[in-house]
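S.K.: Kindly generate the complete structure, drawing on both the sequences and the hints.
If you want the building blocks of each chain, they are given just below.
Number of protein chains: 2
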Amino acid sequence: MDKILRIDVGAAGGPSFRIEPIGAYAGLGGRALTSTIVAKEVPPLCHPLGEDNKLVIAPGLLSGSAAAMSGRISIGCKSPLTGGIKEANSGGQAAQVLGRLGYAAIVLEGKPQNDTLYKVFINKDGVKIAPDNSLKGLGNYDLIDKVKAEYGDKVACISIGPAGEMKMSAASVAITDMEMRPTRHAGRGGVGAVMGSKNIKLIVLDDAGCPMRSAADPEAFKEANKNFVQGLKKHPVTGQGLPAYGTNVLTNVINEAGGYPTNNFSTGRFAGAGKISGETQAQTEQERGGDPTHGCHKGCVIRCSGIYVDKNGKFVTKQPEYETVWAHGGNCGIDDLDAIALLDRMDDDFGLDTIEMGATIGVAMEAGLAKFGDAQAAIELVKEVGKGTHLGRILGNGAAVTGKVFGVERVPVVKGQAMPAYDPRAVQGIGVTYATSTMGADHTAGYAVTANVLGVGGNVNALKPEGQVELSRNLQIATTAIDSTGMCLFIAFAILDQPETFGALVDMIGAFVGKKMTADDVVNLGKSVLKTEREFNLAAGLSKADDRLPAFMKKEALAPHNVVFGVSDEELDQLYNW
Amino acid sequence: MDKILRIDVGAAGGPSFRIEPIGAYAGLGGRALTSTIVAKEVPPLCHPLGEDNKLVIAPGLLSGSAAAMSGRISIGCKSPLTGGIKEANSGGQAAQVLGRLGYAAIVLEGKPQNDTLYKVFINKDGVKIAPDNSLKGLGNYDLIDKVKAEYGDKVACISIGPAGEMKMSAASVAITDMEMRPTRHAGRGGVGAVMGSKNIKLIVLDDAGCPMRSAADPEAFKEANKNFVQGLKKHPVTGQGLPAYGTNVLTNVINEAGGYPTNNFSTGRFAGAGKISGETQAQTEQERGGDPTHGCHKGCVIRCSGIYVDKNGKFVTKQPEYETVWAHGGNCGIDDLDAIALLDRMDDDFGLDTIEMGATIGVAMEAGLAKFGDAQAAIELVKEVGKGTHLGRILGNGAAVTGKVFGVERVPVVKGQAMPAYDPRAVQGIGVTYATSTMGADHTAGYAVTANVLGVGGNVNALKPEGQVELSRNLQIATTAIDSTGMCLFIAFAILDQPETFGALVDMIGAFVGKKMTADDVVNLGKSVLKTEREFNLAAGLSKADDRLPAFMKKEALAPHNVVFGVSDEELDQLYNW
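So the protein sequences, as listed, match chains A and B.
Using the working numbering, the first residue of the first sequence is number 947, and each one after it goes up by one.
Using the working numbering, the first residue of the second sequence is number 947, and each one after it goes up by one.
Quick caveat, the hints were computed from the structure, so don't treat them as lab data.
Note that this is a predicted model, so its numbers are computed, not measured.
Treat the hints with care, as some may be off.
Claimed, not checked - The calculated EDC-like cross-link candidates involving lysine to aspartate or glutamate, where the alpha carbons are at most 16 Å apart (straight line), are:
no., chain 1, residue 1, chain 2, residue 2
1, A, K1057, B, E1502
2, A, K1500, B, E997
3, B, K1410, B, D1281
4, A, K1501, B, D998
5, B, K1221, B, D1281
6, A, K1501, B, E997
7, B, K1074, B, E1096
8, A, K1490, B, D1284
9, B, K1100, B, D1152
10, A, K1500, B, D998
11, B, K1477, B, D1519
12, B, K1501, A, E997
13, B, K1462, B, D1163
14, B, K1057, A, D1061
15, B, K1057, B, E987
16, B, K1500, A, D998
17, B, K1221, B, D1284
18, B, K1490, A, E1481
19, A, K1500, A, E1517
20, B, K949, B, D1071
21, B, K1500, A, E997
22, B, K1057, B, D954
23, A, K1221, A, E1202
24, A, K1462, A, E1202
25, B, K1092, B, E1125
26, B, K1057, B, E997
27, B, K1057, A, E1502
28, A, K1057, B, E1355
29, B, K1070, B, D948
30, B, K1490, B, D1519
31, B, K1501, A, D998
As the list claims (entries may be wrong) - Here are some chain B residues the structure puts well away from chain A; computed CB gaps all over 10 Å:
no., residue
32, A972
33, I1075
34, E1125
35, N1508
What the hints assert, rightly or not - To give a feel for the contact side, a few chain B residues facing chain A, derived at Cβ under 10 Å:
no., residue
36, V1175
37, R1339
38, V1347
39, K1501
Beta carbons: idealized from backbone N, C-alpha and C, even for Gly.
M.R.: Next up, the structure:
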């Protein structure tokens, strides 16, 4: 991973590429690399779909090695959804394969001269870029079927669906999983629209003949990795809860805590939660011949994913994540797992962020376009997005645009990005993260649900403002660092509670890069990247007024606890004072 | 004008009202009053369509008196289009009538409890508010016909069309003219959407039995007014150009200067300009039995408006303003005056800002929804807005939303508000006003076209950055003061060039309020109101990054002069340093 592939999509006669040494970016991976490149090379006031924006695709620092859980890929740009910097990350196979191909990043830059669509093929021998308008309008599933026919099923793909081609702000970038299905997505912030604006439909990665990346100190690395894996196996969340029920184990937990946003954030408990919980989902998968315990990439030892099948045992989609089940489920008053799985499949196929789409459908329901609870209506609305009708284009641009177009006041977004599956009034720490994250509302940016609800990494009363800023700050710093390693964020459960597991991670990174690392190095990396991102956002025009939750969350009390968001503006403004 | 009418639309059982003494707001009128009330009473981070926003309707300080040109009414709120403070002003009869009724302002506040639509009737005996769902969905023309049938044709009306009811961000508030037609509009910033969010469709003002407002020193006032009128008659723009050809006299002038934005700001000259110029328009009106020289309110001595009729001599619309002719004309490649007049009529009827709509159609054409130059397609697109189809809701929310939904990069807006009829690359002073005005892109906020193109109030090279910030700053300050008096902005031509006419204005204000006034008092008022507005915007989340033109205007050279916008960010940031 000592080189960067730059593709100039604006070159005369079609895209050209050059492979450069990593140079000044050496030592950075994942989010640290995408955010550093974006901050350094993209003018903060440029149009997100214009010539000057860049799409940066970077595996993590450890991706492609034998390190467990190191399969996350980061995709960064100026976001068409938030107007600020964006790093969206995803599991799937691409990070490991790209790492083994030796690329620290792929950078798509420039502005296409016409509307020809291109595909990129990368293997050990080099890079090929070819026009292929036959791919136009293809859903990710059909697209990947074509790839399989042409390249076999051992490659990994990075692609966009029709939503990305239409440059919708809710468009994702799809990453294929171990079965070469386009089920993993860098979902948030419209990264797919930026890929679409570069007219690159597909990147095929083939690491045949490429060795696993090796550590500077192989023995120490192997030992640390072993201890790290033991730690993950030992912790109840990563060792038991997530493997058994997937992330959807949270439906009952968050609903019980009264923080489950229901009917467009109108109440904190959903009567139908039991019907769509992780427990029900796992049982359904088991009974039908699916699989509730499955990894999204090779090297995963948590295996929080699964295979969701229909009543006939036929594959529908990967096991929908908790946030997806919530977004298309309780947030829209829908308690039908099959409908939710279909919506997840459609989002993956069209190339859409499930969180943004579920929140958008919720806003559309509030606007009267459909009734809360009407699963068929929700499916029809998402179909519109795939077709790119006028209504579809509204919805495909996310909750904020949909609220604006239909004159809706209650729109659960921060910096234009939809809130995920935790109501910030009943989980106030996550509210601080939503408000202050450089990414817009994003639970993964500082998952305060840990100490607020799960009792992981300490305990902070979820309903009170006290201590939430400190909690969120520490988590945001740690997360930023983890997002740079290529590690799955779920390792956080174990490293927050088990100092020896955190130590094993630090040792593993140190052994890999051949430098003694300390916990402080990790914290300093997180701080430094966050600061870079924050400065980009300020230069792009975001201000402290953008570090706020929507006004209704400070006025409208959430049942059952009847709480409003109580962290003061002054406290929020302290988040970056460290 | 010593009282304020406050209507609480959220009261149990329907809107209630109270009439308060003007109190701390005494001495303020027009924009000074609307902006001061909004800044003091509206939380900057509230939702523009929510409970906490207020719509403030205020005649000018001199409105309702015998002062010539004092018929402007200001409408203020937090704007759903820009997210900042907004004052949109309009001619027509309402300012004079409201002034004579003694109200310094009407304030609509609160949040309706249901979707019942209301009308308000105000006369010398008091205020009546009545539900009237029969008005739902009515265009302004049909609405005013109903008013005539019920109240006669001596009243003045303030109303919204379907666009306002649908809370579209391009929705205007209509004001009836001397013939009681809904042809004058407080167009910009979505003030109509805020009125719509309060469920007030119509305000009928009847000043029967109310005397003209009298000056503190009637003799001095009369003398000053006489001198003021003489000055207006003497100046070539206010005495000849505007009466003869209306504001559309500018089409040939700006086109000749190479600053006429054509085909969505793609070039600075329009081949069809001669077919839609003020000269052609006046001749057409004359030949068909219309009227090229007509006032929009009683007491106007410039009479820049006119009556546009069809080939059979039947009334179509008031003479479309230059900015309207440009927006629906050259900006969309359309050179058909009858089509433009029809679009103007439709905008007035639906209650839409003509500048925002023309710019939006231009963006839609860039997105491929219609071809530049296709007048019939433009008409069909505006019909969609009136019907409130999904496409119509996109377009009715303005150019920025339309650009976002269709993934268009070249969107000519600042702070979300569409640029008017002067390309900021070829008229760099107006570019400074667009960029830095508290209102978003707005030519009236600091009309630097004067010294840049017209040779009024000095000469500053339009194509160079030098001197533009100072020019725009001084004009913005002066304009803010004029907008507070109720005076039509067109008096600026005469007062900029003729010190004695400016002196007459200052004397007239002084004689009216009974206090010796100086030019410094006027300047200080302007500065103070601008500062208030600026502070609101900063608190609402706008930052210096919002004081910028779209990126493409700094990169894409405009023919025929092949210039980009050259005023640096550092210079723009000096505008409020006075």
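S.K.: Each of the hints needs a verdict: does it hold here or not?
M.R.: Each hint, compared with the structure:
no., hint, in the structure
1, K1057(A) / E1502(B), "14 Å, holds"
2, K1500(A) / E997(B), "13 Å, holds"
3, K1410(B) / D1281(B), "30 Å, violated"
4, K1501(A) / D998(B), "11 Å, holds"
5, K1221(B) / D1281(B), "6 Å, holds"
6, K1501(A) / E997(B), "11 Å, holds"
7, K1074(B) / E1096(B), "14 Å, holds"
8, K1490(A) / D1284(B), "49 Å, violated"
9, K1100(B) / D1152(B), "7 Å, holds"
10, K1500(A) / D998(B), "13 Å, holds"
11, K1477(B) / D1519(B), "14 Å, holds"
12, K1501(B) / E997(A), "11 Å, holds"
13, K1462(B) / D1163(B), "11 Å, holds"
14, K1057(B) / D1061(A), "47 Å, violated"
15, K1057(B) / E987(B), "15 Å, holds"
16, K1500(B) / D998(A), "13 Å, holds"
17, K1221(B) / D1284(B), "11 Å, holds"
18, K1490(B) / E1481(A), "14 Å, holds"
19, K1500(A) / E1517(A), "14 Å, holds"
20, K949(B) / D1071(B), "14 Å, holds"
21, K1500(B) / E997(A), "13 Å, holds"
22, K1057(B) / D954(B), "8 Å, holds"
23, K1221(A) / E1202(A), "14 Å, holds"
24, K1462(A) / E1202(A), "44 Å, violated"
25, K1092(B) / E1125(B), "15 Å, holds"
26, K1057(B) / E997(B), "4 Å, holds"
27, K1057(B) / E1502(A), "14 Å, holds"
28, K1057(A) / E1355(B), "11 Å, holds"
29, K1070(B) / D948(B), "14 Å, holds"
30, K1490(B) / D1519(B), "7 Å, holds"
31, K1501(B) / D998(A), "11 Å, holds"
32, A972, "31 Å, holds"
33, I1075, "23 Å, holds"
34, E1125, "32 Å, holds"
35, N1508, "19 Å, holds"
36, V1175, "44 Å, violated"
37, R1339, "5 Å, holds"
38, V1347, "6 Å, holds"
39, K1501, "8 Å, holds"
Against the hints set out earlier in the document, violations occur for numbers 3, 8, 14, 24, 36.
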